[in-house]
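Take the sequence shown: its letters are residues -24 to -1, 1 to 482, numbered as in mature numbering (1 follows the signal peptide of the UniProt record, and there is no 0).
Since the hints were derived computationally from the structure, they do not count as laboratory data.
Treat the hints loosely; a few may be bogus.
What the hints assert, rightly or not - Now the in silico label distances, taken between C-beta atoms and shown as ranges:
#1 E276 x E356: 23 to 29 Å
#2 E191 x R410: 49 to 55 Å
#3 D418 x T71: 23 to 29 Å
#4 E356 x D432: 29 to 35 Å
#5 L135 x T170: 32 to 38 Å
#6 D230 x T202: 16 to 22 Å
Glycine included, every Cβ here is placed at the ideal spot set by N, Cα and C.
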Amino acid sequence: MRPRPRALIAAALTAVLISGCAVGTPESQSAEGEITVALGASPVNLDYTSSSGAAIPQALLYNVYESLFKLDANGELQPLLAEDYVISEDRLTYTMYLRQGVTFSDGTPMDARAVKYSLDRLDEWTTAPGGLLSVIESTAIVDDHTVNVHLSAPDNMLLDNLAGPGGTVFKPGTEGELASTAIGTGPYTVESYTPGTTLRMVANDDYWGGEPPAERLTLDYYADMTAQTNALLSGGADVGLALQSPELLSQFEDDPAFVVHEGTTNGEMVMPINMRREPFDDLRVRQALRHAVDGDAVREVAAEGYGAPLNSLVPPTDPWYDDRPDPYPYDPDRARELLAEAGAEDLVIDFKVPSLPVYQTTAQVVASQLRDVGLDVRTETLEFPAVWLAQVFSGHDFDITVINVVEPKDVVQFSNPDFVYGYQNPEADEILNRARTGDPDDYVPLMREYANLVSDDAAAHFLYLTPWLTVSRADIEGVMPNLAGESYDMTQMRRTTDQNTGQDGS
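Please model the entire structure based on the sequences and the hints provided.
Right under this line is the structure:
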C-alpha cells in the first residue's frame, strides 16, 4: 500500500513527550550507512529452535538466517536458498536444487550437507515450526547442491513451511551455540545482543546477493509505544516497526521528515480459551464468551479502528479466507442465556495478560465486557515475553489470555495439542489431514472447511486483524509494506539522502 503522511501535533506537545523519556537527541541520529530501528517486544535469546516468541524470527529470519524459500510482502512463495525443486509423481519426494556460491558468514559453504543437517534436526526443535515439518521422514544428499527430501505422506503445506523458520539452513555443528551466536547466510551478521535492549547487526561483506543496502542495522527495543515514538521524534531511530498504539501516529502528520506506511498483516489479535480446563470444555461457555465480547469495540479502542474484523483465524490474504458472517456476533443477552444453560453464571475467570501496552488495552475492554454479562474476571499482568511464554504458552496456566498470533497460515495450530489453545476435535484433525495430504485441488476448500469448524467450535475469540503500521524518516526506503510472514524483512532498507540536509547524498 502506498505510504501516506499523517498530521504532526504541536511542537509543545512533542517537547513534553520527549522530555519524559531517556532517548537520543537529533544530534544522535544514525551515522551514514547505519539504520536504527525502534521495536517493541524483544527476543529472549537468538535461538528460535528452542525458544518460543515471535521476536526471534522477526529479527533474524531473512536478515541473518535464510530459509530454503521465502514469503514476499504479498505472501507469495519465492526461491531463496533453494533455487528450484521437483516433486515426485507420488508427492513423497521433493528434490531441492540449491543456490551455488553461498557461504555462511564465517566462510563455511552452504551446501547439501548443511541442508540435510538442518532438516534432520527438526525433530529436536521444541518450538512450533519443527512440528509443522514433522512430515519430513528423511533426507538424502544427491550431490553438493542437490538434496532429496522424503515425506511420510504428501503435504500441500510443505513449501510454505520451508519458507518460515523451519526451513532455515544452519551451519552444521552449531546447535549448542544458537542462543548466543547466529551464523547465517543472510545479508547481515549479529555483532552483539543485549537482551531486552539492543540487537546490533553489521553487513555481511561476502553476501551471495551482493552488497547489503546498509552498513549496519541497530534494533533498539522499547517497553512502551511512547518511548518508541519519542525515539523517532528525537532522531534516535530512523524506523519504527509494528507500531501498536495508532493514536500516537498523529504526531507525524504533514511532517516532511517522516512517512507513515499502512499495510496488511497476517497477525490476528486472539483471545485463546483454555479448553483443558472446566468449564471451558463446554461449548456453551465458549459460545457465551464469544457473544459477550465485541471485537469491533476492542479494535476501536486498542487499534484506533485500524485493522479489520475477523471471524476465524484466517486473514484475507490466505486463499481459504471466508467472508461469512461471524457465527457468534456480539450479543450479551445471548451470552447470559448460554452461561445460565451451562450453570456458569458465577464463573470466575483467570485472565493472564501480557505486559505490552496493546495487550493491556485490549484486556481492559475484554474484561469490562465479560463483567457486563456477570462474570468475575480476575486479570493478572505477566511480563512479556519470558513470563507469559513460560506460564501461559508453555505452562497452560490460564483460563483466557490475549495474544497477537503472527505465524503465516497459523490456523493449523489448533490441531497442535501442545499449542496455547488446547483444542481437540478429531473431526477437525481429519479434515486438516485430508487438506494437507489429499488432492491439491481440494486443498483450499478443505482448509476453509477446517477453519470454519474451528470457529464454530468457539475454540478462541478472534478479535481483529492487526494493522501493519510503520513510521520511517523520509530518507529511508525499502521499508516492508506488509507483514506476510514471520520476518521483519529489513533486507531492502537503505538510506537514500543525506539525513542532515535532506538532499540527495549522491
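_Hint compliance check: list the failing hint numbers for this structure, sorted ascending._
Of the numbered hints given earlier, the structure breaks none, since each of them holds.
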